[in-house]
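*Asks:* According to the numbering used here, the residues represented by the sequence shown are 270 to 397, in order.
By construction, these hints were calculated from the structure, which means they are not laboratory data. A hint or two may mislead.
Stated by the list, open to error - Result set (DSSO-like, lysine-lysine): computed pairs, CA atoms no more than 27 Å apart in a straight line:
hint, residue 1, residue 2
1, K353, K367
2, K380, K300
3, K350, K380
4, K380, K367
5, K367, K300
6, K367, K350
All of these numbers come straight from a predicted model, not from anything done at the bench.
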Amino acid sequence: MVPLPAPHERKEIRFAHPSEEEFSRILDFYKIEWEYEPRSFPLTWDEEGNVTEAFTPDFYLPQQDLYVEITTLRQELVTRKNQKLRRLRELYPDVHIKLFYRRDFGRLLDKYGLSGERRELIGQEALK
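All chains, full assembly: derive it from the sequences and hints.
*Replies:* Structural data, given as structure tokens:
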């Protein structure tokens with residue numbers, strides 16, 4: 270099991286989902302520098318140039334120049350996120366981003382021995 274890191278700025282971060290917090294713990298354990306939701310990418314604009322839709326990836330890993338988005342949504346709800354991701358790639362081809370689907374995240378938890386109590390906190394239903 271991955272131990273909890275020493276106290277971190279995490280106390281100030283309000284993660285949108287427990288899976289994001291768990292992912293941050295894995296990054297901390299491996300001493301991978303990360304930022305939580307540091308940037309939003311505008312995707313669509315109205316006639317006056319106001320942003321009407323944006324995508325904010327969950328994490329940025331500066332040493333890898335990589336954004337990471339974690340989704341533990343049911344598959345039928347992932348379609349909209351995939352559309353946004355495709356649009357982001359069209360508009361920002363130099364931005365590197367990796368999307369972890371719920372099955373990917375479940376495998377990650379299994380790989381690091383997090384299939385017990387902490388997995389329950391994340392929500393077993395979200396990972397099925």
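*Asks:* Hint by hint, note whether the structure agrees.
*Replies:* How the hints compare with the structure:
no. : hint        : verdict
1   : K353 - K367 : holds (13 Å)
2   : K380 - K300 : holds (18 Å)
3   : K350 - K380 : holds (25 Å)
4   : K380 - K367 : holds (18 Å)
5   : K367 - K300 : holds (19 Å)
6   : K367 - K350 : holds (12 Å)
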